[in-house]
Structure formats: structure tokens, C-alpha cells
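Engineer: Please work from the sequences and hints to get the whole structure.
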Amino acid sequence: MSNDSHHEENFLQKYIFSVDHKVIGLQYGITSLLFLFFGFCLMMVMRWQLAYPETSVPIVGWLLGESDILMPEIYNMLGAMHGTIMIFLGVVPLAVGAFGNYIVPLQIGAPDMAFPKLNAASYWSYFIGGVIMLASFFMPEGAARSGWTSYPPLSIFETGQTTWLIGMVFLITSSLLGSMNIIVTIVQLRAPGLSWFRLPFFVWAQFVTAFLLVLAFPPLEAAAVLQLMDRVAHTSFFLPSGLVYSGATVDVYGSGSPLLWQHLFWFLAHPEVYVLILPAMGIVGDVIANNTRKPLWGYKSLVYASVFLGFMSFIVWAHHMFLTGMGQAMSAFFQTTTMIISIPSVVILTAFFISLWGASIRFTTPMLFALAFLPMFGIGGLTGLPLGVGASDIHLHDTYYVIGHFHYVVAPGTIFALFAGIYYWFPKITGRKMSEALGKLHFWPSLIFMNGVFMPMFIQGLAGVSRRLYDGGQLYAHAQDVLQWNEFMSISAFCLAAAQIPFIINVFVSMFNGEKVDRNPWGATTVEWSAPSPPVPHANFEGDVEVYRGPYEYSVPGADKDFSPQTEK
Amino acid sequence: MQIPYIVEERPDTGLNNSKLGIWVFLASEIMLFGGLFSAYVFLRMAAPVGDFAYWGSKLSIPMATFNTIVLISSSVTVIMSWASLKMKDFEKYKMYMGLTLLCAFLFLVVKYFEYTGKFHHGIYPSSSTFMGIYFTLTGLHMLHIIGGMIVMGYFWLPFGNKMWQSDPERFTNRIEVAGLYWHFVDLVWIFLFPILYLL
Chain B
1 MSNDSHHEEN FLQKYIFSVD HKVIGLQYGI TSLLFLFFGF CLMMVMRWQL
51 AYPETSVPIV GWLLGESDIL MPEIYNMLGA MHGTIMIFLG VVPLAVGAFG
101 NYIVPLQIGA PDMAFPKLNA ASYWSYFIGG VIMLASFFMP EGAARSGWTS
151 YPPLSIFETG QTTWLIGMVF LITSSLLGSM NIIVTIVQLR APGLSWFRLP
201 FFVWAQFVTA FLLVLAFPPL EAAAVLQLMD RVAHTSFFLP SGLVYSGATV
251 DVYGSGSPLL WQHLFWFLAH PEVYVLILPA MGIVGDVIAN NTRKPLWGYK
301 SLVYASVFLG FMSFIVWAHH MFLTGMGQAM SAFFQTTTMI ISIPSVVILT
351 AFFISLWGAS IRFTTPMLFA LAFLPMFGIG GLTGLPLGVG ASDIHLHDTY
401 YVIGHFHYVV APGTIFALFA GIYYWFPKIT GRKMSEALGK LHFWPSLIFM
451 NGVFMPMFIQ GLAGVSRRLY DGGQLYAHAQ DVLQWNEFMS ISAFCLAAAQ
501 IPFIINVFVS MFNGEKVDRN PWGATTVEWS APSPPVPHAN FEGDVEVYRG
551 PYEYSVPGAD KDFSPQTEK
Chain A
1 MQIPYIVEER PDTGLNNSKL GIWVFLASEI MLFGGLFSAY VFLRMAAPVG
51 DFAYWGSKLS IPMATFNTIV LISSSVTVIM SWASLKMKDF EKYKMYMGLT
101 LLCAFLFLVV KYFEYTGKFH HGIYPSSSTF MGIYFTLTGL HMLHIIGGMI
151 VMGYFWLPFG NKMWQSDPER FTNRIEVAGL YWHFVDLVWI FLFPILYLL
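Top to bottom, those sequences are chains B and A.
Take the first sequence: its letters are residues 1 to 569, numbered as in our numbering.
Take the second sequence: its letters are residues 1 to 199, numbered as in our numbering.
What the hints contain is simulated information worked out from the structure, not anything from laboratory work.
We put the CB at the ideal spot given by N, CA and C, even for glycine.
Accuracy of the hints is not assured; some may be wrong.
Claimed, not checked - Here are the computed distance ranges between Cβ atoms for each label pair:
(1) A:Gly153 with B:Ile394: 52 to 58 Å
(2) A:Gly147 with B:Val307: 28 to 34 Å
(3) B:Met326 with A:Gly147: 32 to 38 Å
(4) B:Ile16 with A:Phe193: 44 to 50 Å
(5) A:Gly147 with B:Ala329: 39 to 45 Å
(6) B:Ala329 with A:Pro48: 20 to 26 Å
Unchecked claim - Derived pair list, reagent style DSS-like, types lysine-lysine, alpha-carbon separation capped at 25 Å:
(7) B:Lys294 with B:Lys569
(8) A:Lys92 with A:Lys19
(9) B:Lys294 with B:Lys561
(10) B:Lys117 with A:Lys19
(11) A:Lys162 with B:Lys117
(12) B:Lys516 with B:Lys440
Stated by the list, open to error - From the structure, some residues in chain A lie toward chain B, with a derived Cβ separation under 10 Å:
(13) Gln2
(14) Pro4
(15) Gly21
(16) Gly34
(17) Gly35
(18) Leu36
(19) Ser38
(20) Gly122
(21) Ser126
(22) Phe135
(23) His183
(24) Leu187
(25) Phe191
Structural biologist: Structural data, given as C-alpha cells:
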């Protein structure tokens, strides 16, 4: 709890066990960026294997055990952990933990989150979960290798899964605590005058996201408990009667169902997709309005669309399960809801595109990333439609097409938006601007190589190449015509890694030597820009905040400047 | 700077932060147990006919009925402890909260005898799907009981109830919020009792 009186905080209180939402937001941000980098490295090792099968892995080969060739068991481990780390330890903590924590209280004019200690508990729970996941690589049985989806029966028999499940319990707890906090903060701590339809779109996006996390994660926790029981107490919730494994009938009671896991898992994991994308859309909305110097087009439609999106995301989960034989009626229902859920996504994207119409756009680095988000997310979204229809999904299911589809949504989609957010709010956090030249050197190669990595996946997937193959499909006749793309994709991935170097340099150089700026360098309207940069510890604003107008009043006719901040009368 | 609406209610929402927080938390708890109850339904449908009923008949209905009464009584006493604080009667609060903790403890003792009775007969979670879901559901419920006991025990003991001297209104709110959680734990049992013991 913060006090009005100033008391000296020592290093541990100030930077490590702080309850200030800004410090916790930064802790989340730094940890999740490191995890993103680590998850990317795992993928690069896999990409080496796919491009140059069974050859020595350069640089990190000595880490792979006795030989420096990537063995199938390790390949599966890297695959499972790449997914787990990118989603649960990288993108969600960055989008919700870091941006939600740092920006939401500032945008609603609050001194902190509603429950500061709970907020710290959320970060530390996340940290412990991350340590458990990392430690699993060094345990005798190794990390999980049943894919990030952990489908039984495989996940019941494979080694490493118990550690994964325990790590997940910590990560789920963390996101429950964090998202509860965000909901209460937004409902209770809005500054006077900041009514619901004066909230920036980013806050709305975080609000819907927090509800998804609160309501969708617990069923996965239930499923994790059941899977833990199957592994540790030898129950058979997910194991059918008469199951044969390694040539012998499995000695369990039976009568369980692997499908039950899939239902519980996807009940979380589909809303999770919108957890990944909604905060990104929120960032893009704010950045676009700021750099087009125009109000965001269709603000209310955006809000209604994101609320509807959140609601619908709970009833589309079984479109991941068309091939399980769950029946025509079920498939028909979930195809219909899947087609319906694409409507609000299109509404949001269309509103962003129309916002660009007739604007004199400032091509700043955050704006470039936000602009790239639009077509990249568009490709990701549209390629999802054939997967949402049962008939075409039969051909495409579990191929590289699926990988291409969701990576377009998350990598050049969400992660680009998160980069936009980092460049956009960096001056607020440090009081200095990031270098535009290095920013552009980061953006253009990233855009090109992202497409270099993921576009050929559609080609391979349409040819029918399965995902999760250790050799990338070398043994299959139908894969022969498209295998040459593997090398192209892998080289693109390595170049993509190189393209992140300007970003890393930019962060460190700008932190100490960047151009010093005042509190509102972008000429923005939302409340956070009326706080000092960086905001006051444990208070954010120097005085009381009051809000007089909507979030995006740019270029108001008759105003003396082209932006009218929410906090100015 | 002080965080607003910790004790007093925000006029336009009519809630203080903690009360909204606990309701959101309970919503997630409903989803947790909802997921497990759905799993129960799914597994019961997948099991051979009569399998769940056969294994269910091995459970002791008298013990569970006793536990149901114990838990419902504890819900009454937790309300009484909160009402006592509202009427500024701290001694009565101590008594009713003590009774609540006693009920919770009694519940665990009965559950202990139920569990060990099963183990003595060689019945474990792996014995059947029904027993698996029985031990999982009741085990998770017991963890919730223990969690509630830790929180309420803290508010009952002298170092936890110091706030009554410094900020009585906030302390009363804490008891109310803990009570809401306790009612939820009680409610889960009200569902567990019929689906595990009676059906």
C-alpha cells in the first residue's frame, strides 16, 4: 500500500518486490521479451533441422546432448516448448501483463491498480511458472514433448509432462490474479468524467481480454488437474478402455475419453486466440488515431464488436476438432458460430482501414508497425476461414497451412502491434524517444522476413505437408515438390532474428541517449500523456485528474491545435 | 496517493473494490468447478451403464449428510460473525468466527475418515473413473476449505484482527468478502453431495 508521506525505498522494495503497477508492468515486459527471444531461439534450432536435416547445428549444437545433431526427442521438446513459451510466457504476459499493467491505470487516470499486492503476486506467480518451464529442460526426463496442446493419450505416457502441468498451474494462477485486477481497476478506478464511452479503445480491449482470461482459463486448470491425476494417481479420465501403447494393453481402469481433454483444452485455447489479438487491436487503434490526426472511425462499433467478439469466442472452440468424429450436428453448429465470429473481426479491421481514409498520415515507427498489422492480420484472419469450414478443414487440418494461418495472426499481427506499442509508449516510460532511424531499420527487414518465414507455409500446407514432422516431410511423395521452401523459410527466420538487433540496440541506446521529450511528444489526446514522463512513482499524476471529452478528439474544428486532450476543458 | 474506493463504495457502481474483486474471482471459480462438473457428465456418459452408480454406492451417505449439515451451519455462523461486526460486537464476532473454523475442521475430520476408510478397502483414485472424479472433486473442494480456513483463521487470530482497532469498517468488509467465498465453497458441496453420493 502506498503512503502519502514519502519514505525512502531500498533497491529491493523499489525494483524487485515493488507494488507499483509501473514497476510490475516493466518486470512483466522485460521477462516476457526475454521469453519471446528464447522461444524464437528454440524455433531457429528446429528450422535448422528442417532446412538441413540431420546435420550439425551451428553455434548451439553443443547444447543438444552427445551429438550436435538435433534428435527427434529434442525436436519434439523444442516444438512443445516453443508454443508454450511464446503463448503463455511471451505474448500474453507482454500484451496483458506489461501493457495492461503499465498503460491501463494511466489511461483511466488512476494512481495504481485496484489491488497492488495482488498485482505483485501475479507477476511472481508468472515468474515461478516460467522458472519451472525453463528448469524442465534440465531435468532428467526433459521438457514436455506432447505439443503445446498436450493431447492425451500421448501426453499421459510421454516424459516431462508433469513438470509442464505444474508450471501451467502457476501461469494460470498468475493470469487469473492479473485479469481480476484489470477488471476491478477499469470498473472502479476511472477518473471523474471518464465514462464508459470515453475510454480509449485500448482500455476496452484490455477489459474484454481480462474477462476472457478470467472465464476461459479455469476449465484448462480443471483439465490440467485431471491430466495430473492421470499421470500421477493413474486414473483414466483421458484413457479409453483397451488402449494399446507400445504393444501392450495399458493397465488402467479405462472408460475415459481423450476427447474430453480436447473439449476442455480448446474451451480455453480458442478464447486465448482473442486474448492474443484484442490487446494488439487496442494498441493499433490508439496508434492509428494518433498518427492519422483523426478520430478513430466507428469508435462505438469497435467497442461493440470487441465485446461481441469476446462473447462469441466462448462458443467456437470445437472448430479445432472437426476431425475427431464428434458428429455432423456438432460440426455444423461450430462452423456456423465460426463464420459469425469473423464478422466482428472484419468490423474492427474495416474501421481501422476507414480511419486511414483522407488522413495526412505521420509515418512514425509505431505507425509503420500498426499499418503493417492491418494486412498481416488480414491475411491471418482470411486464411482462417477455410479452416473454419469442416469440408476444407479435412484437407488442411494439422498441416503447415494451419501453422502459417495462426502465425500470421500472432507474429506479424500481434507481435507487430506490440512493437508499435513499445515504440509508442517508450517516451512515457523513459522520458526519451526511441531512434526513428533504427526503428525503420527494425521495421522493414522484419516485415519482409516475417512474410518470408510464413508465406511459404501456406504453399506447403496446401500440398498436404503435416506439421510436427521431424524431417519436414522428406518421406512423403506429396511433399517432394514443396520441400525446397524449407531452406528459404529457415534463412528468412535467421534473417528475421538479425533484424531484431537494431531493436535491441535501440532500446538500450535510447534509454540513456535518446532524444529527451516532454510529457506529450506525439501530440496525443488520451489521459496517460498528461502525466509526467516517467509518471510519478505510486501516484502517476501530480494532481487530481478530471476528464472532459472523448478519447480521440483530433483536429476538432475551431480548436487551437490539432489535438484536444481528454483532461483539458 | 491513496487508491480510491477501498472502503467506501463508488457511487455509480455501488461497490467497493474488494467486493467486485471477490465476485469476479468467484466467477472464475464457477468456471473451474463448472469445467470439472462438465467432465463428470462427460465421463458418466462415456462409462458403461451402471458403472458410476455401482461405485457411488460404496460411499457413505450418512457421513456426507452429516458433513452437509456441518457446512451449512458454518455458512450461518460466518454470516453471524459478519453481522456481529456490523453491530460492533467484537466478542460475538470472535465466537461465531471460531464456530465457523470449528465446523470447517469438523468437515475435514469426517472427510479424513471417509478417505482412509476407502484406502483400507483398497479403493484408490485409480480403482475406477467414478472414484477418480470423486477424489479429484472432493480433494479440490477440500483445498478450497483449507484455503478458506487459512484466511478466516488469520482474521480470527490476534495478529490478523488488529485492523478492527485501526479501521473497523475495512475489517468488516474483509469478513464479508471472506464470507462470500465461504458461501461459494459451501455451494460447491451442495452440488457435490447429490452428484457423487445420491445419483
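Engineer: All the hints need checking, so say for each whether the structure fits it.
Structural biologist: Right, here's what the structure says about each hint:
1. A beta carbon spacing of about 57 Å between Gly153 of chain A and Ile394 of chain B agrees with the range 52 to 58 Å that was offered as a hint.
2. Against the hinted window of 28 to 34 Å, the Cβ-Cβ separation of Gly147 of chain A and Val307 of chain B comes to about 33 Å, which satisfies the hint.
3. Between Met326 of chain B and Gly147 of chain A the beta carbons are some 36 Å apart, a value that agrees with the proposed interval 32 to 38 Å.
4. Restraint check, Ile16 of chain B to Phe193 of chain A: a C-beta distance of roughly 46 Å satisfies the suggested window 44 to 50 Å.
5. At roughly 41 Å, the beta-carbon separation of Gly147 of chain A and Ala329 of chain B lies within the given 39 to 45 Å, and the hint holds.
6. Range check, Ala329 of chain B to Pro48 of chain A: Cβ separation about 24 Å, and the 20 to 26 Å hint holds.
7. Between the alpha carbons of Lys294 of chain B and Lys569 of chain B the distance comes to roughly 19 Å, so the proposed pair stays at or under 25 Å and holds.
8. Under the criterion of a C-alpha separation no larger than 25 Å, the hint pairing Lys92 of chain A with Lys19 of chain A is consistent with the structure, at around 24 Å.
9. Using a Cα cut-off of 25 Å, the hinted pair Lys294 of chain B and Lys561 of chain B holds, with the two alpha carbons roughly 13 Å apart.
10. Between Lys117 of chain B and Lys19 of chain A the CA atoms are separated by roughly 16 Å; this keeps the pair inside 25 Å, and the hint holds.
11. Note on Lys162 of chain A and Lys117 of chain B: the hinted pairing holds, with a Cα-Cα distance of about 19 Å set against a maximum of 25 Å.
12. For the given pair, Lys516 of chain B sits about 19 Å from Lys440 of chain B by alpha-carbon distance, which is consistent with the 25 Å threshold.
13. Interface restraint check: Gln2 of chain A against chain B, minimum CB-CB distance 7 Å, threshold 10 Å, status holds.
14. A cut of 10 Å between beta carbons decides the hint on Pro4 of chain A: the least distance to chain B is about 6 Å, and the hint holds.
15. With a least beta-carbon distance of about 5 Å to chain B, the hint placing Gly21 of chain A at the interface is held under the 10 Å criterion.
16. For Gly34 of chain A, the shortest C-beta to C-beta distance to chain B is roughly 7 Å, which falls under 10 Å, so the interface hint holds.
17. Annotation: interface hint on Gly35 of chain A holds; nearest CB of chain B at approximately 3 Å, less than 10 Å.
18. Interface hint status for Leu36 of chain A: upheld, as the beta-carbon distance to the closest one in chain B is roughly 5 Å, under 10 Å.
19. Interface restraint check: Ser38 of chain A against chain B, minimum CB-CB distance 8 Å, threshold 10 Å, status holds.
20. At about 13 Å, the closest approach between the beta carbon of Gly122 of chain A and any beta carbon in chain B exceeds 10 Å, and the interface hint on this residue is violated.
21. Checking Ser126 of chain A against chain B by beta carbon gives a least distance of about 4 Å; that is within 10 Å, so the hint holds.
22. The beta carbon of Phe135 of chain A is positioned within 10 Å of a beta carbon in chain B (closest approach about 7 Å), and the interface hint is therefore held.
23. At a threshold of 10 Å, the smallest CB-CB gap from His183 of chain A to chain B is about 18 Å, leaving the interface hint violated.
24. A distance limit of 10 Å between C-beta atoms decides the matter here; for Leu187 of chain A the minimum to chain B is near 16 Å, and the interface restraint is violated.
25. Interface restraint check: Phe191 of chain A against chain B, minimum CB-CB distance 14 Å, threshold 10 Å, status violated.
The structure fails to meet hints 20, 23, 24 and 25 from the earlier list, while all remaining hints are met.
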